[in-house]
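Residue numbers (the working numbering), protein chains in the order written: chain A, 1 to 157; chain B, 1 to 157; chain C, 1 to 157; chain D, 1 to 157.
These aren't lab readings, by the way, just hints derived from the structure by calculation. Computed from a prediction, not measured in an experiment: that's the story for all the values here. Check each hint, because a few of them may be wrong.
It does not matter which identical chain is used: a pair holds within one copy or between any two.
[Unchecked claim] Calculated cross-link-like contacts (lysine to any residue; reagent style SDA-like; alpha-carbon spacing at most 25 Å):
{"hint": "1", "residue 1": "K105", "residue 2": "E79"}
{"hint": "2", "residue 1": "K83", "residue 2": "A146"}
{"hint": "3", "residue 1": "K105", "residue 2": "L11"}
{"hint": "4", "residue 1": "K74", "residue 2": "R122"}
{"hint": "5", "residue 1": "K83", "residue 2": "A150"}
{"hint": "6", "residue 1": "K51", "residue 2": "S155"}
{"hint": "7", "residue 1": "K51", "residue 2": "S95"}
{"hint": "8", "residue 1": "K123", "residue 2": "E49"}
{"hint": "9", "residue 1": "K74", "residue 2": "A150"}
4 protein chains.
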Amino acid sequence: MQSWFNTDRPLLVSGLRGKVVVLAAFQVLCPQSIAAAVPQAQRIYEIFEPKDVVVIGLHATFEHHDAFNAAVLKAFIHEYRLKFPIALDQPNPASPIPHTMDRYKMRGTPSLVLIDRHGFVRKHAFGAVDDLRIGAEIGALTQESAAAAAAARSSAA
Amino acid sequence: MQSWFNTDRPLLVSGLRGKVVVLAAFQVLCPQSIAAAVPQAQRIYEIFEPKDVVVIGLHATFEHHDAFNAAVLKAFIHEYRLKFPIALDQPNPASPIPHTMDRYKMRGTPSLVLIDRHGFVRKHAFGAVDDLRIGAEIGALTQESAAAAAAARSSAA
Amino acid sequence: MQSWFNTDRPLLVSGLRGKVVVLAAFQVLCPQSIAAAVPQAQRIYEIFEPKDVVVIGLHATFEHHDAFNAAVLKAFIHEYRLKFPIALDQPNPASPIPHTMDRYKMRGTPSLVLIDRHGFVRKHAFGAVDDLRIGAEIGALTQESAAAAAAARSSAA
Amino acid sequence: MQSWFNTDRPLLVSGLRGKVVVLAAFQVLCPQSIAAAVPQAQRIYEIFEPKDVVVIGLHATFEHHDAFNAAVLKAFIHEYRLKFPIALDQPNPASPIPHTMDRYKMRGTPSLVLIDRHGFVRKHAFGAVDDLRIGAEIGALTQESAAAAAAARSSAA
Chain A
1 MQSWFNTDRP LLVSGLRGKV VVLAAFQVLC PQSIAAAVPQ AQRIYEIFEP KDVVVIGLHA
61 TFEHHDAFNA AVLKAFIHEY RLKFPIALDQ PNPASPIPHT MDRYKMRGTP SLVLIDRHGF
121 VRKHAFGAVD DLRIGAEIGA LTQESAAAAA AARSSAA
Chain B
1 MQSWFNTDRP LLVSGLRGKV VVLAAFQVLC PQSIAAAVPQ AQRIYEIFEP KDVVVIGLHA
61 TFEHHDAFNA AVLKAFIHEY RLKFPIALDQ PNPASPIPHT MDRYKMRGTP SLVLIDRHGF
121 VRKHAFGAVD DLRIGAEIGA LTQESAAAAA AARSSAA
Chain C
1 MQSWFNTDRP LLVSGLRGKV VVLAAFQVLC PQSIAAAVPQ AQRIYEIFEP KDVVVIGLHA
61 TFEHHDAFNA AVLKAFIHEY RLKFPIALDQ PNPASPIPHT MDRYKMRGTP SLVLIDRHGF
121 VRKHAFGAVD DLRIGAEIGA LTQESAAAAA AARSSAA
Chain D
1 MQSWFNTDRP LLVSGLRGKV VVLAAFQVLC PQSIAAAVPQ AQRIYEIFEP KDVVVIGLHA
61 TFEHHDAFNA AVLKAFIHEY RLKFPIALDQ PNPASPIPHT MDRYKMRGTP SLVLIDRHGF
121 VRKHAFGAVD DLRIGAEIGA LTQESAAAAA AARSSAA
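Given only the sequences and the hints, what does the whole structure look like? Please build it.
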C-alpha cells in the first residue's frame, strides 16, 4: 500500500494481533461500495471500541485505472467525512488485481474480510453485507475465548 | 401473558437460563414498531442459532384497547410472516401499562430488552435500535465468558 | 361506505367532477400498504392543491374480517397522523370483495385508481406504485386539456 | 461545455424549444448527488417520453479540481449505467463556479433546473428533491397550455 489517509503511519495486519480487524475494500465509483459498504465501515468504526476492533479501508481498482489517483481518494474521504484509516491499494504489475486484494483473495468491490485477535481470517464476503449479521460476527469475535477461536478454525479447516 | 403464537407453550424467561433472550415489545399500529422493530426481531430470529439466542415478541397496548384482540394479532403475524414466538401482553387492571411491560420497566413501543445467559437484564432500549449495534451486542453476549458477564454486571451496579 | 374519517360528510366520486381523484385502497395489516401506499397517499394529499386533486383512502378487507372494525381504523389514522379523508369499505354479502373495491375492479391491497376531471378512470394499479411515476401522472392530469383527455380516453377504448 | 457522453452532439437548451428540459447538475464525489439526484435523473429519463422531456446531466466541480477529469466521469457513467446525455461543465477562469452552473445561477450540487416548452426557467432547486413533487411538476409542464405557461411566468415575475 502506498498512500494512507486518516493515520499517521501505515497499518500492518501483522502488527494488530490482539484486536479484531475489519478490512473493507471499496472503490469510489462502485455503486454498492458507496451505497452500502463504505457507510457500514464508518459505522463499525464508530460503534466498536478501538481497543477491540480496528477498521481499515482499502481503495482498490480493477479497471478504470487512469481515472484514479490519490487526489480522487482524498477528495472522496473529505466529502464523505470518513474517519477510519484508508489505504490506496498498490497496483500489481503482474495482475489486474491489486496487491492487497490479491493477498486476501478478494474478487472485487465491495469486499469485507474479518480477522480474529489471533490473526486468522474468519470471514470473506463479496458484495453488500447485512448490518445485523456483520455486527453479530464482529461482536462475537470481540468476546471469543482463545479456546473457541481455535475450535472455530479447526472446524473450518 | 395470556395468548401465545408460534410456540406450543408459553415461554418463561426464567426457564431460558443459558441462552441470550431478546424481548421485543411492539404494537401493530405503532409506526416505528412496524417499520423497524418487528422486521428486526424477525431477522435476529433468523440470524442467530436457537441454541444461543431466543427471540420473544410481546404485543403490548397502552391505549386503543378496544381496537385490539387476539384476532388482530393473529392476522398481523400471518400477513408479516413472522416465525418467532409472540405473546399478547396481559392488561394490568391497576395500571395503563400491561403486565410484562411493567415488570421489565418498558415505557412504550417499540422496546427491546436483552437478557444474558445468566438471566440478568443487560440492555433496555426504547425506540428504534440500530441493526449494527444490536447485532454487536447480541453477538458479544453469545460469546461472553461467565467472568466477563459478572464484571459487566458489577460495573453496571 | 359506512364509516368516514377526516371529513364531515361522505365523498362521492360523482360529486367531484372538475377535480382529479386519487382513490387509494389499503388495509392496516397489509405490509405493502403500510410501507408504501399509505405514506404515498398522505404525501399526494400534502403536495397537490385541494382545488386540483382529492385523495380518498379506502380501507378494504378481503380476509381477517373478524380482526377489523372502525376502532382499529380510527386508532391507525391517529397513530400514522393521516389527514386525508378515509372510508371503511362496506362488506358485500354476495362476495369476498368489498363494495367499493368491487365497483372499481380492484383485486387487492394496495390498489390505486386515478380518475380524471371528467370522471373517467385513467389508471388502475395493484401493488406499490413508484413516486416519480404517480407524481407525473397526477401532475399531467391536473393540466390536461379537455381535448387531450378525450383523445386519451378514445385511444384507451 | 467541453465533453459530452451518451449523445453524438452537444445539446443546447436553446435548441430544445417545444420540450420540457430537466437540467441535473451533480458531482461524482458529492454524497447527495450520488444517493439521490443522479438516480432520480436516470429515472426521469426512463419514465417520460423523449418527445416531451429531455434530461441533461451536468457534471460540475466547485473544488477538488485536480481530482476530476473526463476519465473519472466516463468511468462513473459506465459503473452507474447512466443512459441520459451528460456534459462535463467547463471551468470558468474568472470564477470558482463553472460556466453552465453560473449561467443558471446554481449554487452547488446537486441542483435541478426545470425549463418549460417555451424556454423559460420554471424551477431552481438546490439539494435533494422529492420524487413525488418533481414528478408532479414535470408532468404538469408536459401538459401545460401556452396560456397557462404565460400566466405562471407573469405571476412569478
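Which holds for K105 with L11 at a C-alpha limit of 25 Å: within a copy, between copies, both or neither?
Within one copy, since 19 Å is at most 25 Å while 45 Å is not.
Since the copies are identical, ignore which copy is meant and state whether K105 and E79 lie within 25 Å (CA to CA) inside a copy, between copies, both or neither.
The answer is between: 23 Å across copies meets 25 Å, while 30 Å in one copy does not.
For the identical chains here, do K51 and S95 meet the 25 Å Cα criterion within one copy, between copies, both, or neither?
Neither: 36 Å inside a chain and 45 Å across chains, both beyond 25 Å.
Quick one: K83 to A150, C-alpha cut-off 25 Å, is that within a copy, between copies, both, or neither?
neither (33 Å within a copy, 34 Å between copies)
I want to check one pair: K74 and A150. Are their C-alpha atoms no more than 25 Å apart within a copy, between two copies, both, or neither?
neither (39 Å within a copy, 45 Å between copies)
Pop the pair K123 and E49 into one bin, within, between, both or neither, using alpha-carbon distances up to 25 Å.
both (20 Å within a copy, 18 Å between copies)
Can you tell me if K83 and A146 fall within 25 Å by alpha carbon in one copy, between copies, both or neither?
Answer is neither: 31 Å inside a copy and 35 Å across each miss the 25 Å cutoff.
For the identical chains here, do K74 and R122 meet the 25 Å Cα criterion within one copy, between copies, both, or neither?
neither (30 Å within a copy, 37 Å between copies)
Please work out whether the CA atoms of K51 and S155 approach to 25 Å or closer within one copy, between two copies, in both situations, or in neither?
Classified as between: cross-chain Cα gap 18 Å, same-chain 28 Å, threshold 25 Å.
Comparing the model with each numbered hint stated earlier shows that hints 2, 4, 5, 7, 9 do not hold.
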